[in-house]
Every structure is written in structure tokens, then in C-alpha cells.
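Participant: Using the sequences and the hints, build the whole thing.
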Amino acid sequence: MNKTDNTGDAVGGLSRADSGIESGQRAFVKYVLGMAALLLPLALLVDDAHWLNIIAFTYLMGGLAAAWNIIGGFGGQFSLGHGVFFGIGAYGAARLYVAYDLSPWLTVLPVAAFAAALAMLISWPTFRLRGPFFAIATLAFNEVAFVIAHNLTSVTGGPRGIMIPFKAGLENMIFRERWQYALLMFGFAALVIGITVILRRSRLGYYLLAVREDEDAARASGIDVLGVKLRGMALSAGLTAIGGTLFAMYLRFIDPPTIFNLQEVGVKFALLSLIGGIGTIAGPLLGAALIIPFENFLRAELANAIPGLSLAILGLLMVLAALFMKRGVVGAIEDLVARLRRKARGGK
Amino acid sequence: MDQILNVLVFGLLLGGIYGLVSIGLNLIFGVVRIVNFAQGELVMFGMFGSYYAFAYLGINPYLSVFIVAPLVGLIGVAMQRLVIQPLHNESNMQIFATFGLLMMFQNIMLGVSKGEAFSIGGQVGSSVITVGDLRISVVRLVVFGATTLVTIGLHLFLGHTMTGKSIRAVTQDKRAARAMGINVERTFLLTFGVGAALAGMAGALLTPIYSITPGVGGNFILAAFAVVVLGGLGSVWGAYIGGLIVGVVEAFAGYYIDPAVKNATWFLIFLVVLIVRPSGLMGQVGAEEVGFREQN
Chain A
1 MNKTDNTGDA
11 VGGLSRADSG
21 IESGQRAFVK
31 YVLGMAALLL
41 PLALLVDDAH
51 WLNIIAFTYL
61 MGGLAAAWNI
71 IGGFGGQFSL
81 GHGVFFGIGA
91 YGAARLYVAY
101 DLSPWLTVLP
111 VAAFAAALAM
121 LISWPTFRLR
131 GPFFAIATLA
141 FNEVAFVIAH
151 NLTSVTGGPR
161 GIMIPFKAGL
171 ENMIFRERWQ
181 YALLMFGFAA
191 LVIGITVILR
201 RSRLGYYLLA
211 VREDEDAARA
221 SGIDVLGVKL
231 RGMALSAGLT
241 AIGGTLFAMY
251 LRFIDPPTIF
261 NLQEVGVKFA
271 LLSLIGGIGT
281 IAGPLLGAAL
291 IIPFENFLRA
301 ELANAIPGLS
311 LAILGLLMVL
321 AALFMKRGVV
331 GAIEDLVARL
341 RRKARGGK
Chain B
1 MDQILNVLVF
11 GLLLGGIYGL
21 VSIGLNLIFG
31 VVRIVNFAQG
41 ELVMFGMFGS
51 YYAFAYLGIN
61 PYLSVFIVAP
71 LVGLIGVAMQ
81 RLVIQPLHNE
91 SNMQIFATFG
101 LLMMFQNIML
111 GVSKGEAFSI
121 GGQVGSSVIT
131 VGDLRISVVR
141 LVVFGATTLV
151 TIGLHLFLGH
161 TMTGKSIRAV
171 TQDKRAARAM
181 GINVERTFLL
191 TFGVGAALAG
201 MAGALLTPIY
211 SITPGVGGNF
221 ILAAFAVVVL
231 GGLGSVWGAY
241 IGGLIVGVVE
251 AFAGYYIDPA
261 VKNATWFLIF
271 LVVLIVRPSG
281 LMGQVGAEEV
291 GFREQN
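Protein sequences, first through last, are from chains A and B.
Mapping of the first sequence onto our numbering: position 143 corresponds to residue 143, and the numbering continues sequentially without gaps.
Mapping of the second sequence onto our numbering: position 7 corresponds to residue 7, and the numbering continues sequentially without gaps.
It should be emphasised that the hints constitute simulated quantities derived from the structure, not laboratory data.
The C-beta atom is built at its ideal place from N, Cα and C for all residues, glycine as well.
Some hints here could point you the wrong way.
Said to hold, decoys possible - Which stretches of chain A does chain B cover? Using the computed rule of at least three CB atoms under 8 angstroms from a CB of chain B, they are:
id, region
1, 123–130
2, 134–143
3, 265–277
Facilitator: So, in C-alpha cells, the structure goes:
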């Protein structure tokens, strides 16, 4: 009974208000308008280094949350181990660049493909697990990745991490100006959202929704459940790895505690999606747009006074969202719109 | 040979520790099927409570356990009432909510302790018994004894008292339990409270062994999940034996391979069990699905 409350309505995603499948043209126009709106803060604050940093990070985390949302939101598989794929992207590109002088532009896609392949390999046994067992298993993957990164010194630099020397140039994906990074991150977010928009209208997208709503019914209707989950996971992991590469090239320093930090990375993707609206197209971006600047503000204001307070507040937000806003900001807006429409119709 | 024996004893005593932290989780996750990621933080609260009692009031951790455990139990009751109860049947949201609690608890404690790590091991925990070549730490032996006693107690409680039987009945079928006149909500509240109190107890007893930091719960949570799944969800003796196995495996892996691989060993155990025998060593086959199916 309760189960349908939080998922059933979310199926419609952005198109719910129109009750029906929206035309491709309309979806495209919406996408372009949305991306233009997303670019607005960058255009307005292009001279402010402090804000540019926050904006770049918001784009990056928004894109990463949207990548998580593909398997976590549409597929309903709550992975807490996406830090693994993020780490592969970060370490892969950084090591190949530092050791072999290979441009991240060349390595980003092969590294992402590797992450996708590994994701399929480790997900194949874990997808037998349902619900909480899957989440715990993926959490454990993250811990194992930490141990490997900590000990495989020849590849990861171990606890000392990898430092990427500053050599500005487009070919190195290292930039002198913050706005160039922000634009790069925007491109990433736009890519992930674009793929999500297409996916949401594709056969795989509908299969993922079917698997999320009722795995047994999906199987009974002839869907290859495991295959659908694996493809969703591969796509999600590959995009996450791309985000990891961008992260490494932006920070130019990575070490295990930064990359495999559950609260800041692995679970953060899920948290941002939850706040914005799990299983919606705009939700993860919206979540990032709300949380990342807020978090920066908290950290700047509170970090010196009381250590940890900003993360404690984030934790509280997570609890409150799970309790009162299961469909996130997008869900809340949709509810409001629906209520207003009903009222308007009742008034006539 | 002596080396192997020493490692074995060390592993068994470590297993006692894992058994102790898993007992509470076994009630909460194994019996009433609530995914509580904040369980390790309840252990952490127990440790800080007993540390402060020792540092400011001079109370020995083995006495303060009788104050600390009920207090942590009360935190658990509040958690259940305010967060878990509204989310029953929604395991995905429980994951989020309890992870949020984990972040809250950990970072609030970070604020309170100002990031300082405490230790009372020097004052309480340094005595060692020597038997031949074997060296046995007394504080760890106490934990082992406590684990055994609590396991026996819990076994008797769940199997032979009306309250214990009603807890098992609620797990198996909420509706039928309600029809038999069991107050389902109160049973859940009680179970969660007891599970939290056991975590608090574990924390107090571990104070002399571990250095006390806000992040210490992270040392236990994955191990505890591995133990509960290995032993079989809800099986009291399964958690006990599962704890010992995890402890011994970790000790041998740590001694003969590398101390850093311990997280990996928990994980391997966890994964192999879930794939080969999801019901665990001593769980009933199919029991792992009970309670995650939709119920009203």
C-alpha cells in the first residue's frame, strides 16, 4: 500500500503534468531551456572566483548525482558504492597523465569504459541481492576500494596520493581560469542530463522503471531483469568515472580519504538526488544546486566555531528528507502544481 | 605452533568483540529487519558516555555500563519513535534516514569532543594473563565473557519469555501477531530500544580497548553486518559463532597477509555468504526474505 506512495507518482517524472508521453521535440526544447537556465549563474558571476568554485562544484556534483540517479533512481538499485567508479575515473586519468603524459581527453573514455566493465563484473553477483542487502554490499565495495587504493602504492600512490603538476593548457585539461573549469563541469552536467533525457524515453529507460516498480512483474512480462540492471549500472558507472576524471583534474590532488569518503562522495550522490527528487530528470541537479552552495556557506560560517557542524546539519537534512520529502523538491513542486490545478478546475 | 595458537586466541577474543557489537544489530536488523546504519554510532555513544563517566566522575567502565547502556537505549527508543516508525516498510528510506543519523551523531560528537581522541586503556586495560606462551588481554577476556553471557540471556529471552516470543511473532507476520493481541508498535519500540542498549553496553565494555573517536563506529558497522548475515539473520547463536569466525579470519589474514586487509576480509565473507547461502550459517532457509516482503 505504502509502497506506491513514493514511487508510483514519480514514474511520470517531468512529463507527469501532461499525462502522457511527451513529444521528442518538446523534451528537447525543455532540455535546451533548462541547460540555458543552468548556465545563467556562470554567466552572471564570471568575475567572482569564490562563486565560480562553488558553481563548478555544483555542476560536477549535479552531473554525478544525475549519473547515480540512472541506476539508483530509475532502476531503484540504491548503490552506496559509486565512489568506486568515481575513484577509477580519478585515479585512472591522474596516473596515466602523471606517469605516461597521456592527455585526460584521450584517457577519459577508455577509463570510463573500464569502470563500466568493472561495474558489470562486480554488480553481476550483487544484483541477486535486493533492497538493503544490495546497499550494504555496495557500501562494502567502497571500503574494499579504499583498502586497495591505500595499499596499491605503485598505481595510486598509497596514502600519499597523486599530485598532478600544474601545466595549464587545454590539451592537459588544466586551466588557468576558474570559469574555464566551470564551463567544463557544465559540459559534463549537460552531457549526463542529456543522456538521462534520452534514456527516459528509450526502451532501456522504461525497462529500468519496470524493474524498479516490481521486479517479479517485470520478469513475468519478459524483461531480462539482470541484463537491464547491468546495462543501467554500466551507463551510470561510466558517467560517474568521467566525473571522477574531471574532479581529479580540477583538484590536481587525490588520495584515498578524499576519493572514497562515504559522506562526501559515495553517499553524497544519493543524498543530492534524494533532496532534489529521486527518479526525476531535474531532481539531482536541483539537489546539487541547493545543497552545494548551502554546504559551502555552512562550512565557511561554522567550521571554525564548531567542527563537523555542517555535516551534522546535512545529516539532519537527509533524515528530514527521508521522512517528509520522499520525492524531493521536484515531487513537492509537482504536488503543489497538481493541487493548484485541481483547485482551479474546482473553481469553474 | 605457538604463533598460530596466539593468533587463534587473539582472533577468538576479537571475535568476542565483534559478537558483542553484533548482538544489538542482530536484534534490530536480524529480528525486526530495520537497516540501521547508525548502529556503530550507538556503540560510539556508549564509549564516549563511559569515557566521560570515567574522566569526570571516576566511575569504572564496568560499573558505568549500567548507566550508559540504558541511556543509549533511550536514544534508540527516540530514534525508533521519531524516524524508524514512520518509515517501516520502506527500507530504501530507512537507509537514507539512518545514514543521515550516522552523519549527525558522528559530527555532533566531533563538535563536542573537538576532534580529540581519548583513551583510558593505559589506566584500565593493560593487564595481561600469561599461560605458557599465550598472552591474553584481560579486558578482551571480559568482553568475551560478556558476549557469551548476553548471548545466553538473549537466547533464553527470545525463546522462553512471552515478550521474546511476541518479538519473533511480529517479525514473522505483523497482521497475525496483531490479531493475537500483540501490540505491534510497542514490540518494535521495545526491540529497537533493547538493540540500542546492547550497542551502548558494547561501547562501554570496549572503552578500555579502543581509542575513542567520533568515527570509531565505522570500525564496527561493516563487521557487524557481516557477522549478522554470516550467522543468519535473527539467529542468536549464529551471531555468536559468526562473530568468532569473522574475528579468527581477520586475525589470520592480518597476521599472515597484511593488517590492512581486514575490511576486505569482512567484505569477502559478507559477499560469499550472500551469494552462496543467503540465509547464513544458522538461519532458516528463506528467512532472509521475511520482513522485507510487503506487510501491513
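Participant: So, for every hint listed, does it hold in this structure?
Facilitator: Status of the hints after comparison with the structure:
| no. | hint | result |
| --- | --- | --- |
| 1 | 123–130 | holds (count 5) |
| 2 | 134–143 | holds (count 7) |
| 3 | 265–277 | holds (count 4) |
The structure shown violates none of the earlier numbered hints.
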